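**Q** Single-letter residue listing:
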Amino acid sequence: MVNRLIYMDNNATTPLHPEVKKTIAEGLELFGNASSFHSFGRNSKKYIEEAREKIANIINSQPEEIVFVGSGSEANNTVLNMFACTTHTCLHVECGKTILTSTIEHPCILESVKCLQSQHSKVFYLDVDKYGRIKMDKLDEYLSLGKIGLVSVMMANNEIGTLQDIKKITELAHKAGALMHTDAVQALGKVPIDVKDIDVDYLSLSAHKIYGPKGVGALYIKKGIPFCPYIRGGHQERGRRAGTENTLGIIGFGKAVEMAEIEIKENTNKLLFLKEKLSLGISKSIPDISFNGHAKECLPNTLNVSFDGAEGESILLYLDLEGIAVSTGSACSSGSLDPSHVLLATGIEVEKAHGSIRFSLGRENTEEDVEYVLEKLPRIIERIRKMSTAYEVSK
Amino acid sequence: MMTDDFNWVYTERVKEHFTNPLNILEDIDSYKEDGKGMVGNVKCGDQMLMVIKVDSEKGVVTDCKWKTYGCASAIASTSMLSKMVKGMTLEDAYKITPKDITKELGGLPEHKVHCSVLGDKALRAAINDYYKRNNMQNKVIEEKAKIICQCMSVTDLDIEHAVLEGAKTYYELQEMTKIGTVCGQCKTSAIDTMEMYKKKHF
Chain B
0 MVNRLIYMDN NATTPLHPEV KKTIAEGLEL FGNASSFHSF GRNSKKYIEE
50 AREKIANIIN SQPEEIVFVG SGSEANNTVL NMFACTTHTC LHVECGKTIL
100 TSTIEHPCIL ESVKCLQSQH SKVFYLDVDK YGRIKMDKLD EYLSLGKIGL
150 VSVMMANNEI GTLQDIKKIT ELAHKAGALM HTDAVQALGK VPIDVKDIDV
200 DYLSLSAHKI YGPKGVGALY IKKGIPFCPY IRGGHQERGR RAGTENTLGI
250 IGFGKAVEMA EIEIKENTNK LLFLKEKLSL GISKSIPDIS FNGHAKECLP
300 NTLNVSFDGA EGESILLYLD LEGIAVSTGS ACSSGSLDPS HVLLATGIEV
350 EKAHGSIRFS LGRENTEEDV EYVLEKLPRI IERIRKMSTA YEVSK
Chain U
0 MMTDDFNWVY TERVKEHFTN PLNILEDIDS YKEDGKGMVG NVKCGDQMLM
50 VIKVDSEKGV VTDCKWKTYG CASAIASTSM LSKMVKGMTL EDAYKITPKD
100 ITKELGGLPE HKVHCSVLGD KALRAAINDY YKRNNMQNKV IEEKAKIICQ
150 CMSVTDLDIE HAVLEGAKTY YELQEMTKIG TVCGQCKTSA IDTMEMYKKK
200 HF
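Protein sequences appear in the order of chains B and U.
According to numbering that gives the first Met the number 0, the first sequence holds residues 0 to 394 in order.
According to numbering that gives the first Met the number 0, the second sequence holds residues 0 to 201 in order.
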């Protein structure tokens, strides 16, 4: 019988912050359409604009540079589609430009560019080193071609937590005349983001990774930078995203951001401490393991480990039986044939990708949680290895 | 809280076999097997080793042990298979299909069915190995692939593989195997083969 439940899959999604719950509950009465001129509409509008200010504030932008969308994926798709559009009927300056992205992006970037490629867009991919960091010399090489319209590189990777030097990448992109987009969905609330400092042109955000509700994201678009809507047919969001606003989601997002700003320092310290304890504990108690990602330039909450000779989905499900929730880069859990494209891009052996587990800690995790995992995990790995055809072989 | 401890992706039976797998091969050196089969590849994410003991007079499998590098479905289905096969004649054991095992387990999630096919493959390899060790070459059945699409050299086994990976329509089959994408003459036989495997496995 499961005697406790421990959630360590916070990069997949997070539980609502108690304050966010309260805000949403209060907001249930807000039903007015923010586009209406009467008091009901104006009231909803007021709350939406307050949330916009909070989001602008946490990334140091102006409120009018923030567009609310339906998800981080929508934010990313919006930017990419703009550059790939080849209709040319609108004489848009950015149409049909070449896109440069990386091999470790979220599927919502990779699948989108793949589809755009099939519509004759040109796309180039940047490789990463064994820690998941963009190879800067390759970036230089591609940019020197002089044809790149957009560079899109994620700020923090969801699987291994590796952070990129977005400021530097942006500087190089701008020097080469390209615009810069970063998917900051995993970075928000975990590391400071300052759009003035890093100077990106577009930046994607999502609410549900920072203890906000699902179904709402935001796109930062720097003032004066070309933009073309993805969802058309309404004047909402200054004509940049049609569709009646998700008022409840947006105010929940605003509250989540407000709380993230207040708690970021305290949370970061705690997460770093717990992650260190977890990684040390695993190193001490389990042989033949390896950590994936960058040791320092990494999200404070993400720990990705490969266990030799143990298949990831089995580990995940044995942990699940003990009430511990994690995720894996194994092919078997993804429903596809291939293990994590991120881990493979870092050049690790396929076996290690199949045997990888991601612990992504959150604000609710405690030291006891980590101790509980460290109590259960070694036995699970030992058990799986005992029945594994791949353990002795690799020894 | 809106959670349910028992709301597992797998049936209770699968969970049982996954939690307490039967007939794990603990020490291959001291196990004097009569036949041994190893299939799959760790690089592809799953591998299966199966060993059997055979009563040569009766031609009956008396014991069966296994090891795997695989997911929950692979573990549970092989555990179940190892239980089913004991006491069976070699001929009957050879005929066990993944569908038989899945049925005993009370079903598997559709996208996990392909994980359950290694156990019976390893068993057939072990049985063939037993025949070979005992000079019964005439009984060995080789699984030969038959070309269905000449242009792209896609075989019936490729089609079976695609079906197990989730191909349900001819379009999906083409996406996965490129079958019939050149001259297109094989379309009818490709669809027939696909339907045959869909029936076999689902």
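Keep in mind that a hint or two might mislead.
Stated by the list, open to error - Listed below are the simulated SDA-like cross-link pairs for lysine to any residue, each with C-alpha atoms no more than 20 Å apart in a straight line:
#1 B:Lys121 x B:Leu144
#2 U:Lys177 x B:Ser117
#3 B:Lys385 x U:Glu32
#4 U:Lys14 x B:Leu4
#5 U:Lys143 x U:Ser188
#6 B:Lys375 x U:Pro20
#7 B:Lys385 x U:Asn40
#8 U:Lys131 x U:Val59
#9 U:Lys64 x B:Glu381
#10 U:Lys120 x U:Lys198
#11 U:Lys94 x U:Lys42
#12 B:Lys375 x U:Glu15
#13 B:Lys385 x U:Asn22
#14 U:Lys177 x B:Asp337
#15 B:Lys385 x U:Asp28
#16 U:Lys35 x B:Tyr390
#17 U:Lys145 x U:Met195
#18 U:Lys42 x B:Asp337
#19 B:Lys385 x U:Ser29
#20 U:Lys42 x B:Leu320
#21 B:Lys385 x U:Lys94
#22 B:Lys385 x U:Leu21
#23 B:Lys53 x B:Lys195
#24 B:Lys385 x U:Lys177
#25 B:Lys385 x U:Lys131
#26 B:Lys385 x U:Lys198
#27 B:Lys375 x B:Leu320
No lab work stands behind these hints, which were simulated from the structure alone.
All of these numbers come straight from a predicted model, not from anything done at the bench.
**Q** With a cut-off of 20 Å on the C-alpha distance, tell me whether U:Lys42 and B:Asp337 pass.
**A** Holds, because 10 Å separates the two Cα atoms, which is no more than 20 Å.
**Q** With a cut-off of 20 Å on the C-alpha distance, tell me whether B:Lys385 and U:Asp28 pass.
**A** holds (14 Å)
**Q** Is the straight-line distance between the alpha-carbon of B:Lys385 and that of U:Leu21 20 Å or less?
**A** Given that 20 Å is the threshold and the Cα spacing comes to 13 Å, the pair holds.
**Q** Take a quick look at whether U:Lys177 and B:Asp337 sit within 20 Å of each other, Cα to Cα.
**A** Holds, at about 18 Å.
**Q** Regarding the pair U:Lys94 and U:Lys42, is the alpha-carbon distance no greater than 20 Å?
**A** violated (28 Å)
**Q** B:Lys375 and U:Glu15: Cα distance at most 20 Å?
**A** Holds, at roughly 19 Å.
**Q** Next pair to validate is U:Lys177 with B:Ser117; report whether the Cα-Cα distance is within 20 Å.
**A** holds (17 Å)
**Q** Run the distance test for B:Lys385 versus U:Glu32: straight-line Cα separation, threshold 20 Å.
**A** holds (19 Å)
**Q** Tell me if the straight-line CA distance from U:Lys64 to B:Glu381 falls inside 20 Å.
**A** holds (19 Å)
**Q** Take the C-alpha atoms of U:Lys131 and U:Val59, compute the straight-line distance between them, and say whether it is at most 20 Å.
**A** holds (16 Å)
**Q** Given the hint that B:Lys385 pairs with U:Asn40, test it: the Cα-Cα distance must not exceed 20 Å.
**A** holds (18 Å)
**Q** Is U:Lys14 close enough to B:Leu4, meaning Cα to Cα at most 20 Å?
**A** holds (18 Å)
Going through the hint list in order, the structure does not satisfy hints 11, 20, 21, 24, 25 and 26.
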